[in-house]
Amino acid sequence: MADWLKTLIDKAKVSTVLMGLERTQIILDANEQLRRRFTRRIYLKPFDLECSTSRSHFLGVIKKIDEALGLPSPLDLQQDGIVRQLHFATNGTMDYMVKLMVLIKLRHIVNYRGLTVNVWRRHSVTQSGLKAWAS
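Per this note's numbering, the sequence shown starts with residue 1, numbered consecutively.
Don't take every hint at face value.
Below, a list of computed lysine-lysine pairs in the DSS-like style, where the Cα atoms sit at most 30 Å apart [as the list claims (entries may be wrong)]:
id, residue 1, residue 2
1, K64, K45
2, K63, K45
3, K63, K99
4, K64, K99
5, K45, K99
6, K45, K6
What the hints contain is simulated information worked out from the structure, not anything from laboratory work.
Based on the provided sequences and hints, a complete structural model is requested.
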């Protein structure tokens, strides 16, 4: 795996960012050359509502995802308990936050417009700037 990744990076001839869970560190550990290429590491921890800075970042990410999905009305983050519920449902983890918000968008389409392939394509998350996972 490490040699394949090195070859891919060399052939691509572009700057590369690796992302993964802590357990994927094994890939870097297996190859000294690859490890040297990725000496700078940033560890993203789940958002913590008890820390005001982390809470502010959590709210900012939720707002941006909400805007990107383009629901008819944005989530009311001032509503009593909604922030704590979103945090509980996602454990403050970015991956779960995006998945939850996409499910909210999908539920809106199903409940209010009926889900068909054409409706999904017209209202898909691809139009809002998120990755085209629905194609």
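Each hint tested on the structure:
| no. | hint | result |
| --- | --- | --- |
| 1 | K64 - K45 | 19 Å, holds |
| 2 | K63 - K45 | 19 Å, holds |
| 3 | K63 - K99 | 14 Å, holds |
| 4 | K64 - K99 | 14 Å, holds |
| 5 | K45 - K99 | 17 Å, holds |
| 6 | K45 - K6 | 27 Å, holds |
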